[in-house]
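One-letter residues, chain by chain:
There are 2 protein chains.
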Amino acid sequence: MYYKATIRVTLRPSVLDPAGVAVRSGLQQLGYTGVSNVRIGKYIELELEATDDAEARRQIDRLCDQMLANPVIEVYKFEIAALEAAAR
Amino acid sequence: MYYKATIRVTLRPSVLDPAGVAVRSGLQQLGYTGVSNVRIGKYIELELEATDDAEARRQIDRLCDQMLANPVIEVYKFEIAALEAAAR
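Protein chains in written order, with my numbering: chain A, 1 to 88; chain B, 101 to 188.
Since the hints were made in silico from the structure, they are not lab data. Since the model is a prediction, treat every value here as computed from it, not as a measurement. Every residue gets a Cβ at the ideal spot worked out from N, C-alpha and C, and that includes glycine. Treat the hints loosely; a few may be bogus.
[Stated by the list, open to error] Derived DEER-like restraints, expressed as beta-carbon distance ranges:
{"no.": "1", "chain 1": "B", "residue 1": "Met101", "chain 2": "A", "residue 2": "Ala54", "range": "25 to 35 Å"}
{"no.": "2", "chain 1": "B", "residue 1": "Glu149", "chain 2": "A", "residue 2": "Arg58", "range": "36 to 46 Å"}
{"no.": "3", "chain 1": "A", "residue 1": "Ala54", "chain 2": "B", "residue 2": "Thr151", "range": "22 to 32 Å"}
{"no.": "4", "chain 1": "B", "residue 1": "Ala122", "chain 2": "A", "residue 2": "Arg58", "range": "45 to 55 Å"}
{"no.": "5", "chain 1": "A", "residue 1": "Val72", "chain 2": "B", "residue 2": "Ser114", "range": "30 to 40 Å"}
{"no.": "6", "chain 1": "A", "residue 1": "Asn37", "chain 2": "B", "residue 2": "Ile173", "range": "48 to 58 Å"}
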């Protein structure tokens with residue numbers, strides 16, 4: 001079966017986010033003074049082939065730990081959805 | 101009222117994504133041969149102050165168009181949730 005996965009990788013709350021601070025400062029200069037706590041992460045979409053839901057989740061857990069996220073400073077969340085054969 | 105917004109900025113489907121191609125190639129070298137169509141985007145969380153839901157959505161639409169996304173090559177989606185005063 002084919003699955004579509006959407007993965008969000010974000011810095012751990014305890015880790016400083018200089019890019020987020022820069023974006024917040026830029027937004028405030030543009031007049032968005034009510035904006036705060038900006039955090040920037042990665043958003044990854046991918047498709048994968050797996051025998052079932054559980055196997056797809058296992059694969060995504062492993063590939064996030066190995067490549068997409070740095071577990072020391074980042075955490076990830078993901079959702080999967082089965083793809084209809086016709087939709088591919 | 102305070103709102104938390106989560107924003108996903110992705111390349112338009114017609115735009116090539118060299119970073120996604122590189123990640124796919126890296127994953128395949130790690131043995132994840134069933135992975136395809138990898139697309140990399142940005143995931144942004146922020147808090148903002150607005151009078152109501154509609155005003156919050158208007159502000160986020162504007163700041164995405166002005167700063168967070170490049171509308172020529174990117175699209176964005178977002179969700180907002182009202183923050184309890186106690187949760188801030």
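Against the structure, the hints:
The hinted window of 25 to 35 Å between methionine 101 of chain B and alanine 54 of chain A is violated, with their beta carbons roughly 41 Å apart. The beta-carbon spacing between glutamate 149 of chain B and arginine 58 of chain A, approximately 42 Å, falls within the hinted interval of 36 to 46 Å. In this structure the hint that alanine 54 of chain A and threonine 151 of chain B lie 22 to 32 Å apart at CB is violated, the actual value being about 46 Å. With their beta carbons about 24 Å apart, alanine 122 of chain B and arginine 58 of chain A fall outside the hinted range of 45 to 55 Å.
The hinted window of 30 to 40 Å between valine 72 of chain A and serine 114 of chain B holds, with their beta carbons roughly 36 Å apart. Distance hint for asparagine 37 of chain A and isoleucine 173 of chain B: a CB-CB separation of about 27 Å, inconsistent with the stated range 48 to 58 Å.
Checked against the numbered hints given earlier, the structure breaks hints 1, 3, 4, 6 and satisfies all the rest.
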